[in-house]
Structure formats: structure tokens, C-alpha cells
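Work out the full structure: start from the sequences and follow the hints.
Residue numbers (the UniProt record's numbering): 1 to 715.
Do not rely on the hints blindly, as some may be mistaken.
Said to hold, decoys possible - Dumping the calculated BS3-like pairs for lysine-lysine here, alpha-carbon to alpha-carbon at most 30 Å:
{"#": "1", "residue 1": "Lys-642", "residue 2": "Lys-629"}
{"#": "2", "residue 1": "Lys-272", "residue 2": "Lys-140"}
{"#": "3", "residue 1": "Lys-432", "residue 2": "Lys-349"}
{"#": "4", "residue 1": "Lys-164", "residue 2": "Lys-272"}
{"#": "5", "residue 1": "Lys-650", "residue 2": "Lys-668"}
{"#": "6", "residue 1": "Lys-297", "residue 2": "Lys-258"}
{"#": "7", "residue 1": "Lys-281", "residue 2": "Lys-407"}
{"#": "8", "residue 1": "Lys-272", "residue 2": "Lys-258"}
{"#": "9", "residue 1": "Lys-320", "residue 2": "Lys-297"}
{"#": "10", "residue 1": "Lys-297", "residue 2": "Lys-650"}
{"#": "11", "residue 1": "Lys-281", "residue 2": "Lys-164"}
{"#": "12", "residue 1": "Lys-602", "residue 2": "Lys-567"}
{"#": "13", "residue 1": "Lys-228", "residue 2": "Lys-283"}
{"#": "14", "residue 1": "Lys-349", "residue 2": "Lys-650"}
{"#": "15", "residue 1": "Lys-131", "residue 2": "Lys-164"}
{"#": "16", "residue 1": "Lys-537", "residue 2": "Lys-629"}
{"#": "17", "residue 1": "Lys-407", "residue 2": "Lys-272"}
{"#": "18", "residue 1": "Lys-597", "residue 2": "Lys-585"}
{"#": "19", "residue 1": "Lys-629", "residue 2": "Lys-349"}
{"#": "20", "residue 1": "Lys-320", "residue 2": "Lys-273"}
{"#": "21", "residue 1": "Lys-537", "residue 2": "Lys-597"}
{"#": "22", "residue 1": "Lys-665", "residue 2": "Lys-602"}
{"#": "23", "residue 1": "Lys-349", "residue 2": "Lys-407"}
{"#": "24", "residue 1": "Lys-665", "residue 2": "Lys-587"}
{"#": "25", "residue 1": "Lys-407", "residue 2": "Lys-273"}
{"#": "26", "residue 1": "Lys-537", "residue 2": "Lys-432"}
Don't read these hints as lab results, they were simulated from the structure.
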Amino acid sequence: MAANNKRRKLEGVDIPPKAPASPATPVLSAFAARQQLWGASAATTTESTPVTETPTPVKEDSTPARPIPSRRTKRGTDRNQVQTPVNEDPTPNLNLERGDSIPPTPILSPVLGTPIPPVIRERQPQYSSLKPHKKNYQQKPDGSVMLRTSDGERLVILGSYGVKVQQGEASIAGAQLTPLDPTQWIHAPHCHALPVLRTSEDTMVELHPHPAAEGLRQLARLNPAFGKLWNETPTQGVPSKKESTFQILFTSEDVSKKVALQELVSPPEWNKKLAALITAKRKSTGAFPAYFLCGPKSSGKSTFGKLLANRLITDRAGNKNAPWSPIYVLDIDPGQPEFGPPGVISLVKLTAPNLQPPFCHPVLEPDQSIVRSHAIAAVTPALDPEHFIECALDLFTTYQARHPQDKQPPLVVNTPGWIQGLGLDILSDLIKAIQPTEVLYMSTEGPGETVSGLQSAISSISPATIAKSTPTTTLSTLPSQNTTEIISPSRIPLSLRTMQALSYFHLNQPLAPYPTWNPIPLSHMRPWRVRYANPDKGFRGILCYDYQPIPDILAEAINGMILALVKIDNEAAFRGLEETIEAGKEKIPLINNPMGKTLDPKYSKLIGLVLVRGVDDRRGELQLLTPVKMQDIVGQIGEGGKDLVLVMGKFDTPSWSYTEDLYLKDYKEGKEDGDSDGEDDRPEEEVPWIQRLHGSQNRGAGAKVWRVRRDLGRN
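Have a look at this one:
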């Protein structure tokens, strides 16, 4: 049957007499019509467009009409079409630069005549409130930026930079900055919440490129976990020969859409509590304030502790010319320590605010110090809870001994996120011993037995044990951090610990005013050669916590692993462990420890962590890699190395150190992380502890990538 070429009259629209023929305009789809009207090219006036069903010309309307294309339907059905008048300017009084969104236009379905939901353009999220122009934004040839704000502004900055207030006041991550304060160096990767820089009225702030940014970013050549964390384009898109180390984010268009940014936000309840704690600290006379932070994992303990510490340090009690006040931090979360590598707890003295994530300061700057630290040799207190409590209380005793009780600086205690069962018992014992001014529980949702257990521990503190100058301990509950943070699979807690350990072992010595990194593989660094097989040996022996390896395989057990280098202050530290045997054919000295005892923290302290690069049984030497300064080790060896012990525990396996050469080789060959097939010119046996798997080799069933079949049900 021949196709029906009949022209149809539009319902509700009078068709004027036939006009002179004109070239037919192609039929537009509804989507194309909306794009033409709402897009950037919609500024021109739409011409009269004939609505046709076949290539045969049809009569045109004398007034401009919005083109509504005909929709193909089943043969024999009617096709109702409606023409809608369109103004010459569909978006009057619209300022796109101001951020106004284009109002939606109702569209009628060409078949059913029902409204089609309009496509609404979402407003771009605004990060920084500053509107840059020549008067308030000046970029200097050295890459620094001068900002002038007449009103209070907020700035979200991605990357590594220094902040110097020249006029007025500014705050960032709880720290109050004035022109009297030195430049504060900040690392702000997007794998952590970005701190917000807030300025007051009539403020002048300088932003400087971070001199250590290049070395830190080059660690991505050795491990992909350090990749794509920073600004990847020059600041503000200004062409430059050298990429800037930071970028001010104004809207979401300033950052890749694949990046999920989160600002460092303090909930109103937190702000109220912080203000109350600062006010109480100003009014206190003689009594030392100690704040005990506890709560579930990922509840914001570390974030709140950082905000509180920064507020305490930079609080001048109304005197703008007063210097900063030092505080102490008892960092006893071995899984995610703020200061130091994983598996270590420390007592830290801070004289400046903490404005960067843990992996950017694995050790402190020279003007600050780690007073004392102990190796738990595990990332959880569950390995030996009693030893964990002993180490924590020894650090607290050290804090008390450094200052008279009536002149002790504030103390902030950050605890692990283990709050039930044995973890609750640990927290209760610490509360009874420390007797803090306030216990801050970072959750309002329980669990109930945890809150009641903490309250019971506070109530059990005997009044006779409380000093006259020590206030009564109180319990406060705060809401957990309200966050929608999206952490990619490469930023799980294990990966963050990997980044912290890698950053620790790649530190340069001596330290500059800020930490710097050496971005070459550990296999290319010259190790320490420490003797163990003659009277002039460099350490007393190896002590194993918990698991005791067979002496014949001790060399294999420690090779390529992380050990703790511990200084012995008194023989009582060994708790009666005196026998030392020569283990295996290498004859490595091993302190016999059949009962799994630990060193007494009262008579020992941690110097640093070491990575065993190799065992040279011919020379009787261990090859060790460590960022610890030479003078910190040589002066404490003692006669015959009797004052140093290497402790083996359950540190995370440093698998990241085994693959650094392979990642660097891929980088030099121009391959992206993850796209390399792992081919290497060297035989596989020359890459220790690494096995290359191709495809599904040595993998279980179902290990391959599953692909969705879309042909199911077809004949």
C-alpha cells in the first residue's frame, strides 16, 4: 500500500493561505529544540519553521513559532501537534555571571498534550565567596598571591601553600592568625577535608607556594596512593612555566568532576562546646585542663581534637600582642596516629597550630617536639591491652613531671575508636588514672552501654585521689561529624597508613622549617650497616612481641619488615628477660621471650622505626633504613650496643616498599598507574617478595572481571 502523503491541519491552529515556497527546515527533536532555545546559541531569534510530515512543503504561520516535531506513531493513529509562541529573548533580565539559572519553560507533549518535566540547570556549588578582581587579587611573579578583603570572606584552597596575615585577622581550622604570627605552611589534599580560610573585615593575606610541595607530590611516582590528590592545573588557569602548588576553588567547575571535595566543617554543637572550653580555660586558676576525646570510629575525634588544639594554642585571651601558648597532645591511637608512624603512641608538645593531614607531618618541625613515644608494635591495642595502658600512663606521667601541677599546659588526649567490650575497659582505666577535666564522647547515638560505662568510670574516681586544684570530671556528648565524605578505594584506612609509613621513611634529614621528602625508591638509598656478630655490635638483640618465630628462620622473619628501635634506660625494662641466643645460621642475637613479655615503658622509650633492607650473614650485619638522625642513634648505643633493642611485632607489612622500583619504571616509561602490564626486563627472581600475576593466573574462580551479557533472551 502506498504511503499516505496527505497534509494534515493542526488542531486549534488556523493555517493561513499558502505563502511562497521557501526551503524546508529540518525537523528538530524535542531535545534539540530545548538545546537551541536554552543553550548558548539561543540568543538569536528562531525563524518560522514549518511542521511537516513528509518532504512536501506545508503552509507557514505568519508569526514565529516554537518548532515541535511530529512523533512517529503506529500507522492509522492521529498525531496531535501544538505550536507554542516563543519570545525573541527567552531569558530576559538574566545575569549568568552572577550565577542566575535559566527558568524552565513548560513543554507540551506532541502526542498526549501533557507537560514534560523541564530540564533545570543546577546552580554550581560555591566554595569561595571572594569575587576576584584587580583590586583584591594580585598574583606576583614568584607565584604568591596577595588578597585584600573589605568584608569577611571565605576561601577554600586546594594544594600546598603558606598563609601570612599582613593586616587584620584570619582563621583556619580553628587557628586564629594575626600579623604577629609567622607564615603557616599547609598541605590540603582532597583525600581529607579542606580547611576553610576565613578573613575578617579589612584583611590582607598573602598565599605563598609551598617549597616542599614538589617532593611530596613526586611520591606518586613510587606509589599510586599519592597520585591525583592536589591541584593539577596552574592557579586560576593563568598560563605559567611552572605549575602552582595551590589553587583557590571558587565553584565546582574549578576542580575535576571525578573529585569529591569536602570542606572542614565544624557543626554548631562543636562550635558552642569549643567556645565554652576556651572560656573555662581562661577562668581556670592553677588547675590543668585535660580533655579526653573518645567515640566510635570515623566520628570526628581527630578533627575535633585538631580544632580544639589549634584554638588553645592561638587563644590570646583578648590580648592581640600575646604570644601563642604551648599545649600537649597525648596521641594514643596506634592505628591512625596524628603524629608519628602507625603502631606508635606519643606525647607531643605543640607550639604552633596543626594545619595538615598526618601523612604530611610524620615527624614534627624543629620548633616542636615529640617528648616521648612508645612502640605498641601493632595498629590496635588488642595485641596487648595491658602493655598499651602501661605505655599511655607512662606518657601521662611524663607530662605531669615536666611542669608543676599549678602551671601545667592544657592536655588533649586522642584515643582509639574501640568503644565496646575490652575497648571500653581500656577507656575506663585511662579515665580513672588521668582524671581529665572533661570527657568528650563524640556521638549522641550511643551505644548506651558505652555511655553508661564511661559515666560509671567517672563516678568511681575517688574524691580522695583528686587534687585540690583539679576540678571534677564531667562527661559531654557531641554529635558525630556530619560528613558525606566519599573515600575512594585507594584511601581506605590501610592505604592511609601506607601513605603515612611511606612518607615517614622518605623524609629528608636534617629537617628544614618544614618536612621535606626524598622521592627516590628505598632500594636506591644507602642503608645503615649495623653489626650484630661481634663484641662491637650495634644493638643488644631482637625482641619479639606476641608471636615468637622459630630461631632458625629469624632472618627470613625480619628481612623486609619494620622493626622498632628502642632505647633501654634501665635493666629493669626487660622484666627478667636475660637470656640471649644466637638464632639460625646467621647467628642473629635473639632475646629469648617464651612468655611473650614486653619491655617496661617506665625504663625504655622509642627512638624510631627501621626497615630491614637485608641480612648480610657473611659480614654479620643488618642493613637498616630509617629517617632517624645519626646523632639521635650514635649517642645512645652504649657499650656493645647493650642500650638498644630491635622490637618485632605486628606492624603492617611494608609491601609498598617492594613495588617502588616497578612504579618508578612505569612512570619513566610514560605509563599511567594501573595501565602497566607489569613487564620488566629483569628476571622475576631479582624483584624480591613480588610475584607478577597475568590475567586470572593463580586466582580463584570468579576472580575475573564480570561482564554483563545483554543478549540474553534473544532467539
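Here is how each hint holds up against the structure:
1. Lys-642 <-> Lys-629: Given that 30 Å is the threshold and the Cα spacing comes to 20 Å, the pair holds.
2. Lys-272 <-> Lys-140: violated, 40 Å
3. Lys-432 <-> Lys-349: Since the Cα atoms of Lys-432 and Lys-349 sit roughly 23 Å apart, the hinted pair holds (cutoff 30 Å).
4. Lys-164 <-> Lys-272: holds, 28 Å
5. Lys-650 <-> Lys-668: violated, 34 Å
6. Lys-297 <-> Lys-258: Holds. Lys-297 to Lys-258 sits at ~26 Å (cutoff 30 Å).
7. Lys-281 <-> Lys-407: holds, 13 Å
8. Lys-272 <-> Lys-258: violated, 35 Å
9. Lys-320 <-> Lys-297: violated, 38 Å
10. Lys-297 <-> Lys-650: holds, 21 Å
11. Lys-281 <-> Lys-164: holds, 27 Å
12. Lys-602 <-> Lys-567: With Cα atoms ~11 Å apart, Lys-602 and Lys-567 stay inside 30 Å; holds.
13. Lys-228 <-> Lys-283: violated, 46 Å
14. Lys-349 <-> Lys-650: Answer holds: Lys-349 to Lys-650 is near 28 Å, not above 30 Å.
15. Lys-131 <-> Lys-164: It holds: about 20 Å lies between the C-alpha atoms, which stays within 30 Å.
16. Lys-537 <-> Lys-629: holds, 19 Å
17. Lys-407 <-> Lys-272: It holds: about 26 Å lies between the C-alpha atoms, which stays within 30 Å.
18. Lys-597 <-> Lys-585: Within the cut-off at roughly 25 Å; holds.
19. Lys-629 <-> Lys-349: holds, 19 Å
20. Lys-320 <-> Lys-273: The given pair, whose Cα atoms are some 23 Å apart, holds under the 30 Å limit.
21. Lys-537 <-> Lys-597: holds, 24 Å
22. Lys-665 <-> Lys-602: Violated: Lys-665 and Lys-602 sit about 47 Å apart, past 30 Å.
23. Lys-349 <-> Lys-407: It holds: about 15 Å lies between the C-alpha atoms, which stays within 30 Å.
24. Lys-665 <-> Lys-587: violated, 37 Å
25. Lys-407 <-> Lys-273: holds, 24 Å
26. Lys-537 <-> Lys-432: violated, 43 Å
In the structure shown, a violation is registered for the earlier hints numbered 2, 5, 8, 9, 13, 22, 24, 26, in ascending order.
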